[in-house]
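Trainee: Starting from the known structure of chain R, arrange chains W and D on it as the hints suggest.
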Amino acid sequence: MGRALVSFLSDYGHEDEFVGVCHGVIARRCPDARIIDITHEIPRGDIRLGALVLADALPYLPCGVHLAVVDPGVGAVAGRDAVALRAAEHDRVLVGPDNGLLMIAAERLGGALEAVEISDSPERLQPVSRTFHGRDIFAPVAAALAAGASLAEVGAPIDATELRTIQLPAASVGDGALTAHVLRADRFGNLTLDASGAQLASALGTDQRDLIVEVAGKAFAARRAGTFSDVQAGELVVYEDGNRMAAIAVNLGSAAELLGVATDQQLRVLAAGAAV
Amino acid sequence: MGRALVSFLSDYGHEDEFVGVCHGVIARRCPDARIIDITHEIPRGDIRLGALVLADALPYLPCGVHLAVVDPGVGAVAGRDAVALRAAEHDRVLVGPDNGLLMIAAERLGGALEAVEISDSPERLQPVSRTFHGRDIFAPVAAALAAGASLAEVGAPIDATELRTIQLPAASVGDGALTAHVLRADRFGNLTLDASGAQLASALGTDQRDLIVEVAGKAFAARRAGTFSDVQAGELVVYEDGNRMAAIAVNLGSAAELLGVATDQQLRVLAAGAAV
Amino acid sequence: MGRALVSFLSDYGHEDEFVGVCHGVIARRCPDARIIDITHEIPRGDIRLGALVLADALPYLPCGVHLAVVDPGVGAVAGRDAVALRAAEHDRVLVGPDNGLLMIAAERLGGALEAVEISDSPERLQPVSRTFHGRDIFAPVAAALAAGASLAEVGAPIDATELRTIQLPAASVGDGALTAHVLRADRFGNLTLDASGAQLASALGTDQRDLIVEVAGKAFAARRAGTFSDVQAGELVVYEDGNRMAAIAVNLGSAAELLGVATDQQLRVLAAGAAV
Chain R
3 MGRALVSFLS
13 DYGHEDEFVG
23 VCHGVIARRC
33 PDARIIDITH
43 EIPRGDIRLG
53 ALVLADALPY
63 LPCGVHLAVV
73 DPGVGAVAGR
83 DAVALRAAEH
93 DRVLVGPDNG
103 LLMIAAERLG
113 GALEAVEISD
123 SPERLQPVSR
133 TFHGRDIFAP
143 VAAALAAGAS
153 LAEVGAPIDA
163 TELRTIQLPA
173 ASVGDGALTA
183 HVLRADRFGN
193 LTLDASGAQL
203 ASALGTDQRD
213 LIVEVAGKAF
223 AARRAGTFSD
233 VQAGELVVYE
243 DGNRMAAIAV
253 NLGSAAELLG
263 VATDQQLRVL
273 AAGAAV
Chain W
3 MGRALVSFLS
13 DYGHEDEFVG
23 VCHGVIARRC
33 PDARIIDITH
43 EIPRGDIRLG
53 ALVLADALPY
63 LPCGVHLAVV
73 DPGVGAVAGR
83 DAVALRAAEH
93 DRVLVGPDNG
103 LLMIAAERLG
113 GALEAVEISD
123 SPERLQPVSR
133 TFHGRDIFAP
143 VAAALAAGAS
153 LAEVGAPIDA
163 TELRTIQLPA
173 ASVGDGALTA
183 HVLRADRFGN
193 LTLDASGAQL
203 ASALGTDQRD
213 LIVEVAGKAF
223 AARRAGTFSD
233 VQAGELVVYE
243 DGNRMAAIAV
253 NLGSAAELLG
263 VATDQQLRVL
273 AAGAAV
Chain D
3 MGRALVSFLS
13 DYGHEDEFVG
23 VCHGVIARRC
33 PDARIIDITH
43 EIPRGDIRLG
53 ALVLADALPY
63 LPCGVHLAVV
73 DPGVGAVAGR
83 DAVALRAAEH
93 DRVLVGPDNG
103 LLMIAAERLG
113 GALEAVEISD
123 SPERLQPVSR
133 TFHGRDIFAP
143 VAAALAAGAS
153 LAEVGAPIDA
163 TELRTIQLPA
173 ASVGDGALTA
183 HVLRADRFGN
193 LTLDASGAQL
203 ASALGTDQRD
213 LIVEVAGKAF
223 AARRAGTFSD
233 VQAGELVVYE
243 DGNRMAAIAV
253 NLGSAAELLG
263 VATDQQLRVL
273 AAGAAV
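Residue numbers (this note's numbering), protein chains in the order written: chain R, 3 to 278; chain W, 3 to 278; chain D, 3 to 278.
Isolated chain R (complex conformation) (with noise of 0.2 angstroms):
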């Protein structure tokens, strides 16, 4: 399968050692890993966040094992597990703590078909601390998955239909409408809705240019259109962004701070002229 891949996500910053020390220690068990950042600056603790972006890079990346680290529960005494899971597509392998992380990611590549627990994986670090199971726990099972190792010699079987998943908003289409959440603001301001481009057009048709997004009871006229650029300068645009999800953009600006909203926000878009 060529070259070992690591891929490594995590809210651990660059401000700190953290991120160089995993790099380290997948290193040192797995000398020829390519190692590949998706990022680190999930805001800290933000499981949800964490598991979009992951779902939303994996497609793009070698086949290999993908180290996740958000982990607020880390060390707790009744917390969760740590897991390595074979998912069903491509044999990705992900690796990370049981608090939902892993799961978009897993279900977009057909689920997991086999987990094994890792807190006493004979790979991890001793001593183990109690706070930094990204170096201890998590990047040494990775890098030994990486070199080959089966799942079951590095952890215990565990079921895996009983691995914890994190709960979306779905968004819905009627009345001439789509009613819809943000899940995520990316860096640009750019909203990602949690509707397909297809639940678009199937509200509102390919052909209505000008539309209406409402948000907390106020209305902001919009454009539909391919692109940012096709609309002018601070002009708000509904168009199918690069994972083929419907989202919401300011051309050359930020819509997350025009429509002032916020994770989970609800929101809907309909044809301007339309009964609100």
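If you are wondering where the hints come from, they were derived from the structure by calculation, not from laboratory data.
Among the hints, a few may not be true.
[Claimed, not checked] A few chain D residues that don't get close to chain R, going by computed Cβ distances all over 12 angstroms:
1. Pro33
2. Glu109
3. Leu115
4. Ser121
5. Leu127
6. Leu153
7. Leu165
8. Arg166
9. Gln201
10. Asp212
11. Lys220
12. Asp243
13. Val263
14. Gly275
[Claimed, not checked] Here are some of the chain R residues that sit facing chain W, going by a computed Cβ distance under 7 angstroms:
15. Arg5
16. Ile40
17. Val55
18. Ala59
19. Tyr62
20. Pro64
21. Asp188
22. Ser204
[To be verified] Non-contacting residues of chain R with respect to chain W, defined by C-beta distances greater than 12 angstroms in every case (computed):
23. Glu91
24. Pro129
25. Arg186
26. Asp196
Glycine included, C-beta positions come from ideal geometry on N, C-alpha and C.
Mentor: Frame of chain R; chains W and D shown alone:
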């Protein structure tokens, strides 16, 4: 030519998965490539600063493929072309949008010898999104070139003399003064001017230690020196920077803040005691 | 010894091309090197924090060459030396300015066995700039060492016992209390003290759960526990951190903010109910 090299500069930032996804796309197409990130913190859409940073960095990088994406016009119907070009020196290949981003670097490398338009490259990821050409066009084309593909294999030939360039301000020397402009400020608030160290010496000689920096009607005392730490803490220093350009700094402080200047601000540097 | 390893720590940040340029210089001289970035977000010129972070990270990195640049005195006429040193343990080689940055790590590795001054190294990039020794001296020398050069080949021998060190504050145990100082705060606001977990246990025993943290005349209730999540959200916790040091955190919050402390701040930890 040894191991394949892809360098990468963008305005994607590190909060999202954009950089990691492009690394993944490159690693899938060219598993042996070493990827060097120049920076991904170019301010959003600042093509000129991206072009200057790219040009300053390339001489220190191994020869290879140099990917750069600062692309406020991504996806526009009548937008810029996407291009790959070969520079005259060292067989370096540059890949990015045809909006000037590549051209300061290309000119310093003897100019673009040949170029291809890559929007419909056979190497692109389909369907190409309207908003993430870094992932769908630029990264896979850069990886294909790093893996040994020729320009002709990744795009359609275009006239290299028609590529868009960026007009920079021009410093001038006369009346015992250097009249120059701020090209960029770095993280430390050090200001690079659009004048070489040689122009600085030509304007003021090399013996004159006490200077005046005039900007926006105000005059600041400064010292001519070799580096920051040749002057007192908080003192303004005029020096030749690491790229042999005239520069202004404050020892253990920020010249950008002290002078209150922004990009393209004009200023004059002259001997203290000279008629102002 | 397998694949060459260069680790890299600095205060260069990611906004500019400085880190990428140093990667480029290393890759040109030692194309096989794996480069691991420890962090580049050390606050500008904070030599001591850089030294502490380096020392905490190295035990988890593969053996190799460890490059570190936090260098407020760069280029000064009567400035610090530039050095490479070999530590007693594991053949690790450290490269950086002789301003104390390397020495906490070197001491934890059994001390510096030998050292060379590298300002005029045959490996340096000429002309050496006055402001960017990371690029012109430190990176190329580190790469040469990673490629197999000996210390003698890259510099002139100096007395390793004369290298500059950093004086750290010292914790003390007595009267049922631990008197300690803040060494560093991480991105999460967790505070590492200058006391080991063993000193903490010696001062307070291991059964005492209810503590007081005294700082600047104020007293804060705290819990002794194994990790953040053993206490309620917002509660102060005293624990042994991932590097086996005494530490103070707030579960799902910032101890640095709650206590209002900065580096070197002295504080006392004692049992609740003890005479204050």
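Trainee: Report the numbers of all earlier hints that the structure fails to satisfy, in ascending order.
Mentor: Hints 12, 22 and 25 not satisfied by this model.
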